[in-house]
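A.B. asks: The chain contents come next:
2 protein chains.
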Amino acid sequence: MATVEPGGWEAAFDDLKGSLGGAEPRFALLSGMVGSRSGWREAHYLACPVSLSDLVDELCWVEPGAIAIVPGICMLRDGFADVMRGEETQVLGAVAAGLVPRDCFVCLPGTHTKWVVVRDGQVAQFRTVMTGELFAMLQAGGTLAAQASGPVARGPDFDAGVDRGLDSGSPTADMFAVRAHALLETGQIGNGAAYLSGLLIGADLRAGLAMGEHRTVEIVGRSDLAALYSRAIARAARKTRTVDGGMAAVAGLKHLAELAE
Amino acid sequence: MATVEPGGWEAAFDDLKGSLGGAEPRFALLSGMVGSRSGWREAHYLACPVSLSDLVDELCWVEPGAIAIVPGICMLRDGFADVMRGEETQVLGAVAAGLVPRDCFVCLPGTHTKWVVVRDGQVAQFRTVMTGELFAMLQAGGTLAAQASGPVARGPDFDAGVDRGLDSGSPTADMFAVRAHALLETGQIGNGAAYLSGLLIGADLRAGLAMGEHRTVEIVGRSDLAALYSRAIARAARKTRTVDGGMAAVAGLKHLAELAE
Numbered sequence: 001m002a003t004v005e006p007g008g009w010e011a012a013f014d015d016l017k018g019s020l021g022g023a024e025p026r027f028a029l030l031s032g033m034v035g036s037r038s039g040w041r042e043a044h045y046l047a048c049p050v051s052l053s054d055l056v057d058e059l060c061w062v063e064p065g066a067i068a069i070v071p072g073i074c075m076l077r078d079g080f081a082d083v084m085r086g087e088e089t090q091v092l093g094a095v096a097a098g099l100v101p102r103d104c105f106v107c108l109p110g111t112h113t114k115w116v117v118v119r120d121g122q123v124a125q126f127r128t129v130m131t132g133e134l135f136a137m138l139q140a141g142g143t144l145a146a147q148a149s150g151p152v153a154r155g156p157d158f159d160a161g162v163d164r165g166l167d168s169g170s171p172t173a174d175m176f177a178v179r180a181h182a183l184l185e186t187g188q189i190g191n192g193a194a195y196l197s198g199l200l201i202g203a204d205l206r207a208g209l210a211m212g213e214h215r216t217v218e219i220v221g222r223s224d225l226a227a228l229y230s231r232a233i234a235r236a237a238r239k240t241r242t243v244d245g246g247m248a249a250v251a252g253l254k255h256l257a258e259l260a261e
Numbered sequence: 001m002a003t004v005e006p007g008g009w010e011a012a013f014d015d016l017k018g019s020l021g022g023a024e025p026r027f028a029l030l031s032g033m034v035g036s037r038s039g040w041r042e043a044h045y046l047a048c049p050v051s052l053s054d055l056v057d058e059l060c061w062v063e064p065g066a067i068a069i070v071p072g073i074c075m076l077r078d079g080f081a082d083v084m085r086g087e088e089t090q091v092l093g094a095v096a097a098g099l100v101p102r103d104c105f106v107c108l109p110g111t112h113t114k115w116v117v118v119r120d121g122q123v124a125q126f127r128t129v130m131t132g133e134l135f136a137m138l139q140a141g142g143t144l145a146a147q148a149s150g151p152v153a154r155g156p157d158f159d160a161g162v163d164r165g166l167d168s169g170s171p172t173a174d175m176f177a178v179r180a181h182a183l184l185e186t187g188q189i190g191n192g193a194a195y196l197s198g199l200l201i202g203a204d205l206r207a208g209l210a211m212g213e214h215r216t217v218e219i220v221g222r223s224d225l226a227a228l229y230s231r232a233i234a235r236a237a238r239k240t241r242t243v244d245g246g247m248a249a250v251a252g253l254k255h256l257a258e259l260a261e
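As they're listed, the protein sequences go chains A and B.
Under my numbering, the first residue of the first sequence carries the number 1, and numbering increases by one thereafter.
Under my numbering, the first residue of the second sequence carries the number 1, and numbering increases by one thereafter.
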């Protein structure tokens, strides 16, 4: 999405295919933002609960028999609305490959963190938290950037932020502490980036963990984010297991392809 | 702060003085970010509780007898830190001019909203919420900008956002609804800017109103923001009275000048 120009999807796909070294697969499956309104072709959203075979039944074929996009999924309940694209492939792929149980609670940390309840091998419900996007905005400019633009250390400042974010329910107030402690030179927040990251992740957990009572959270994602979330989730007295996000995506696409054949 | 170049404070001051039409005051009092580290001269922060006469005792003289900057004030208690510059002049000015009672609860909405508890004519404690800054960032770019960049209407979308922000304690999760409802075309959020503004103001109130039990909140600020906050505070079952922010600042500077003479 970030690097493909409008109208450039076919060329980008051909480049990608070329990079595979002449392999000629029977068909190609794509998932994620490529299926969004500003992607190659808009694939619609299936309402939860959703299984792998539901996704296969609703593939959006860009070239019939040759290229298909996996649909997104959505939640619509009592006025609450949420959407995902791509994470459904990772979650159901991790289930199909036996990387996580058929009944479990998954966290996919990122720009838009997703918390997913899996029941009997289906995505039952989920929730999005805009943690990564907000953190990037606050690092890029504004009042907190001077204190929060450095790297995030997994240490006591991060932990203090997580605890505050979990407890308080007022992240838009608490974040000003990063600036105030610096101006007053209290020395209490050494690494502002770590405190702010912890605070936003703590607020993320506050929203996410409320969805499931599960003792263990399955983290599916990049190793650096998984390490941060794992440390934070431990402070909320839950256990974690981590699955590589790329591996989960490949597992999902592979199982979808087998079902589609 | 936003328009004065480093080193340009003296010239900016002379311009301002020139615009007064040849009046030659005995001395000039300045308050707000002009006293910050990146302002004309750093004026330190007085610890709460703070009265008008405390501010006068600690004026920071840029030119002895001619130009002084009002100090900022700070909170430091049990690891909690907060600062303000400028709002102390407005709040204590409003008290001195009889625009608000000597015991009251004040909200100054803005880029950094301040909630202030006034006891016996002194600023007893306060808290900052980064509402306006976050709203501006989310309108300027990122995932919500397409839905939230328009004007904020004081209507049902704003009210729905306020209610959610007051109740939920998870604004970083709830804000994604602006995007999800648009993508799913539910028609439930007609004015995304109003919903997002309401959500952030609701979260602001959640943090702020917890500071005081007062039945009435004194809003000191710009009329457009005062109208939004007044509507939101009514949803939290409190009353409001509004004082113009500029009038409060002038009252504060006038009373400080009288005490300083």
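Watch out, some of these pointers could steer you wrong.
As the list claims (entries may be wrong) - Straight-line C-alpha distance at most 25 Å; calculated SDA-like pairs for lysine to any residue: (1) A:LYS239 / A:LEU183; (2) B:LYS254 / B:GLY18; (3) A:LYS17 / A:PRO6; (4) A:LYS239 / B:GLY169; (5) A:LYS239 / A:LYS17; (6) B:LYS239 / A:GLY169.
What the hints assert, rightly or not - Which chain B residues face chain A? A few, computed with CB under 7 Å, are given here: (7) GLY132; (8) GLU133; (9) MET175; (10) ALA257.
Stated by the list, open to error - A few chain B residues that don't get close to chain A, going by computed Cβ distances all over 10 Å: (11) SER19; (12) ARG37; (13) GLU63; (14) PRO64; (15) LEU76; (16) PHE80; (17) ASP82; (18) HIS112; (19) THR131; (20) ALA177; (21) HIS181; (22) LEU200; (23) ALA207; (24) GLU261.
No lab work stands behind these hints, which were simulated from the structure alone.
For glycine and all other residues, C-beta sits at the position ideal for the given N, C-alpha and C.
A.B. asks: Decide, holds or violated, for the assertion that all CB atoms of chain A are farther than 10 Å from the CB of ALA207 of chain B.
C.D. replies: At roughly 4 Å from the nearest Cβ of chain A, ALA207 of chain B sits no farther out than 10 Å, so the non-interface label is violated.
A.B. asks: Does the nearest C-beta of chain A fall within a distance shorter than 7 Å of the C-beta of MET175 of chain B?
C.D. replies: holds, 6 Å
A.B. asks: Would you mind confirming whether the straight-line C-alpha gap from LYS239 of chain A to GLY169 of chain B stays at or under 25 Å?
C.D. replies: holds, 24 Å
A.B. asks: Is LYS239 of chain A within 25 Å of LEU183 of chain A, Cα to Cα?
C.D. replies: This hinted pair is violated, its Cα atoms lying about 37 Å apart.
A.B. asks: Holds or violated: LYS254 of chain B and GLY18 of chain B, Cα atoms, limit 25 Å.
C.D. replies: holds, 20 Å
A.B. asks: Far enough from chain A: is every CB of that chain over 10 Å from the CB of LEU200 of chain B?
C.D. replies: The claim is violated: LEU200 of chain B sits with its nearest Cβ about 6 Å from chain A, within 10 Å.
A.B. asks: Taking the shortest Cβ-to-Cβ distance between SER19 of chain B and chain A, state whether it exceeds 10 Å.
C.D. replies: Label holds. Min Cβ-Cβ 29 Å, cutoff 10 Å.
A.B. asks: Take a quick look at HIS112 of chain B and tell me if its Cβ sits farther than 10 Å from every Cβ on chain A, holds or violated.
C.D. replies: With a cut-off of 10 Å, HIS112 of chain B comes too close to chain A, as the shortest Cβ separation is near 7 Å.
A.B. asks: Test the statement that LEU76 of chain B is away from the interface with chain A: the closest C-beta pair must be farther apart than 10 Å.
C.D. replies: With a cut-off of 10 Å, LEU76 of chain B comes too close to chain A, as the shortest Cβ separation is near 6 Å.
A.B. asks: Just double-check PHE80 of chain B for me: nearest Cβ-Cβ distance to chain A has to come out over 10 Å.
C.D. replies: Incorrect as stated: the minimum Cβ-Cβ distance to chain A is 7 Å, not above 10 Å.
A.B. asks: So if I understand the rule, the pair passes when the alpha-carbon distance is 25 Å or less; does LYS17 of chain A with PRO6 of chain A pass?
C.D. replies: The hint holds at about 19 Å.
A.B. asks: At 10 Å, judged by beta carbons, does GLU261 of chain B keep clear of chain A as stated?
C.D. replies: holds, 31 Å
Hints 1, 5, 7, 10, 12, 15, 16, 17, 18, 19, 20, 21, 22, 23 from the list above are not met by this structure, while the remaining hints are.
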